[in-house]
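Visitor: Next come the chains, spelled out residue by residue.
Number of protein chains: 2
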Amino acid sequence: MKVVLAEKYGFCFGVKRAISIAEQNPNSTTIGPLIHNPNEINRLKEKFNVKTAQDIDDIDNKKAIVRTHGIEKDKLKTLKEKKFDIIDATCPFVTKPQKIVEELSQDGYDIVIFGDEKHPEVKGVKSYCVTKAVVAMRPAELFGKKLKDKIAVVSQTTKKIEDFLKIVDYLVKRYKEVRVFNTICNATFPNQSAAKELAKNVDIVLVIGGKNSSNTKQLHKIASEYCKDSHLNENADEINKEWFKDKKICGITAGASTPDWIVRSVVSEVEKI
Amino acid sequence: MKVVLAEKYGFCFGVKRAISIAEQNPNSTTIGPLIHNPNEINRLKEKFNVKTAQDIDDIDNKKAIVRTHGIEKDKLKTLKEKKFDIIDATCPFVTKPQKIVEELSQDGYDIVIFGDEKHPEVKGVKSYCVTKAVVAMRPAELFGKKLKDKIAVVSQTTKKIEDFLKIVDYLVKRYKEVRVFNTICNATFPNQSAAKELAKNVDIVLVIGGKNSSNTKQLHKIASEYCKDSHLNENADEINKEWFKDKKICGITAGASTPDWIVRSVVSEVEKI
Numbered sequence: 001m002k003v004v005l006a007e008k009y010g011f012c013f014g015v016k017r018a019i020s021i022a023e024q025n026p027n028s029t030t031i032g033p034l035i036h037n038p039n040e041i042n043r044l045k046e047k048f049n050v051k052t053a054q055d056i057d058d059i060d061n062k063k064a065i066v067r068t069h070g071i072e073k074d075k076l077k078t079l080k081e082k083k084f085d086i087i088d089a090t091c092p093f094v095t096k097p098q099k100i101v102e103e104l105s106q107d108g109y110d111i112v113i114f115g116d117e118k119h120p121e122v123k124g125v126k127s128y129c130v131t132k133a134v135v136a137m138r139p140a141e142l143f144g145k146k147l148k149d150k151i152a153v154v155s156q157t158t159k160k161i162e163d164f165l166k167i168v169d170y171l172v173k174r175y176k177e178v179r180v181f182n183t184i185c186n187a188t189f190p191n192q193s194a195a196k197e198l199a200k201n202v203d204i205v206l207v208i209g210g211k212n213s214s215n216t217k218q219l220h221k222i223a224s225e226y227c228k229d230s231h232l233n234e235n236a237d238e239i240n241k242e243w244f245k246d247k248k249i250c251g252i253t254a255g256a257s258t259p260d261w262i263v264r265s266v267v268s269e270v271e272k273i
Numbered sequence: 001m002k003v004v005l006a007e008k009y010g011f012c013f014g015v016k017r018a019i020s021i022a023e024q025n026p027n028s029t030t031i032g033p034l035i036h037n038p039n040e041i042n043r044l045k046e047k048f049n050v051k052t053a054q055d056i057d058d059i060d061n062k063k064a065i066v067r068t069h070g071i072e073k074d075k076l077k078t079l080k081e082k083k084f085d086i087i088d089a090t091c092p093f094v095t096k097p098q099k100i101v102e103e104l105s106q107d108g109y110d111i112v113i114f115g116d117e118k119h120p121e122v123k124g125v126k127s128y129c130v131t132k133a134v135v136a137m138r139p140a141e142l143f144g145k146k147l148k149d150k151i152a153v154v155s156q157t158t159k160k161i162e163d164f165l166k167i168v169d170y171l172v173k174r175y176k177e178v179r180v181f182n183t184i185c186n187a188t189f190p191n192q193s194a195a196k197e198l199a200k201n202v203d204i205v206l207v208i209g210g211k212n213s214s215n216t217k218q219l220h221k222i223a224s225e226y227c228k229d230s231h232l233n234e235n236a237d238e239i240n241k242e243w244f245k246d247k248k249i250c251g252i253t254a255g256a257s258t259p260d261w262i263v264r265s266v267v268s269e270v271e272k273i
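Note that the protein sequences, when read in sequence, are chains A and B.
For the first sequence, my numbering gives the first residue as 1, with consecutive numbering after it.
For the second sequence, my numbering gives the first residue as 1, with consecutive numbering after it.
Because the hints were derived from the structure by calculation, they are not lab data.
Heads up, none of these hints are tricks.
Pairs of lysine to aspartate or glutamate, EDC-like flavour, derived with a Cα cap of 20 Å: (1) K173/A / D163/B; (2) K166/A / D163/B; (3) K166/A / E177/B; (4) K176/A / D163/B; (5) K176/A / D107/B; (6) K196/A / D229/A; (7) K166/B / E162/A; (8) K166/A / E162/B; (9) K176/A / E102/B; (10) K96/A / D116/A; (11) K96/B / D149/A; (12) K160/B / D116/B; (13) K73/A / D55/A; (14) K123/A / D57/A; (15) K96/A / D149/B; (16) K160/A / E177/B; (17) K45/A / D85/A; (18) K176/A / E103/B; (19) K176/A / E177/B; (20) K99/A / D149/B; (21) K173/B / D163/A; (22) K176/B / E162/A; (23) K173/A / E162/B; (24) K176/B / D107/A; (25) K45/B / D57/B; (26) K150/A / E177/B; (27) K82/B / D57/B; (28) K176/B / E103/A; (29) K150/B / D107/A; (30) K217/A / E238/A; (31) K99/B / E177/A; (32) K150/B / E103/A; (33) K150/B / E102/A; (34) K99/A / E177/B; (35) K176/A / E162/B; (36) K150/A / E102/B.
Kindly produce the complete structure, drawing on both the sequences and the hints.
Guide: The structure is reproduced here in structure tokens:
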């Protein structure tokens, strides 16, 4: 099978930074997975003894790494109170909406967060609101909400701008002042447009990344729009040879939290088919 | 000819207020037409001796009325310096974007005004910007503009929200913080949706209002979308009987600055056809 890689794929600035921080802090524990990639998490554990705890109480030493997605404000407070050695690997692009939400809610704005309520980044950002923030993925989730005429709106960093604008337009139509902070991370755009170009020109696409990674899922969504046969896989083990029957070219791309070593192993597996 | 009136048409709050102010201040002079309706301006002149001057220097007494659309900041200053008796008939919905533009430009925001650069309201609002405001009707007019990452955007009060959102979306896609003030006047919406319903259900539409009235032009645009035969007329004199050949029902609506006495005279003329 012939393999073509997307012109741009893989690690973003925040993930690279977090991995480098973890490597420099062996024998520490991250609260929740450092990044949304189980294979890389395993590598960090095996090579640097960087463990992953479910929550603060599960940490068996006092060296805590805050994951790329950030952490809830009260948990950070607990870490400080319990005198943990805190190593902050929060992506700076995530720290920004946290600060915006904190400041603007203090200034009397109602807060709307565009994103997935269950995603750790959104949970963290939301926790910085001193009042009550509304989280929505689409305008329908805002129906019937009673909001002030002063609203500040931020986005989960890995979302699509077009979907963010739907929320913005809905709010601008109904409220006097809508203060829009475009907190979508630019780093995801080149991967996204490269995935689109790739998908248009191949018979099958493999999107390599964590199943719970928001930006990987976004890439998979885009690839599926432009190529009928598109799969999201964590690694080479998940590849099914049946998929490649009657196919000539396979395109491969990877999420912002997917390390190059996994991409390379998938490429070499597919080439053998 | 059978005539049907739109369910909602004519005078808005700001126009009603301005005419009442003018009637209570006879022997005064407005700087530019009080409202965009020449027939009503004539009536005020004949009945109350409220004249219309092109500019401050043309005023022959010291009693100046500021029109509904407001006035440029430096002209207001001149009026004060020259110790004019200033009667402010600026629509409160226009005073609002003036204040927003003044405050936000002082706070370091770049200002974008959605509207018609030549319209007196926009000229007035723009004059309150302490830096340099950009005026645009569509996103293309923003191409290549170098703006700060902090932008405040307001709208001319009589514009369509859908067109405002095109400007908002363009800005949100490109700049970090876009502070959107929806300054479109709600009073124009009922007239607009009634014009749409009217136009769908008649053979010909007459939109009565001033040719330079932004909201009247907007009504005409909407009527033309839903009825093939739509005309903008200032008064009954402009009606052409030829238009009504083979037509059964004529719909009539009027802009926010069109007085009822003009609408009544048009209705009675059309009914005679």
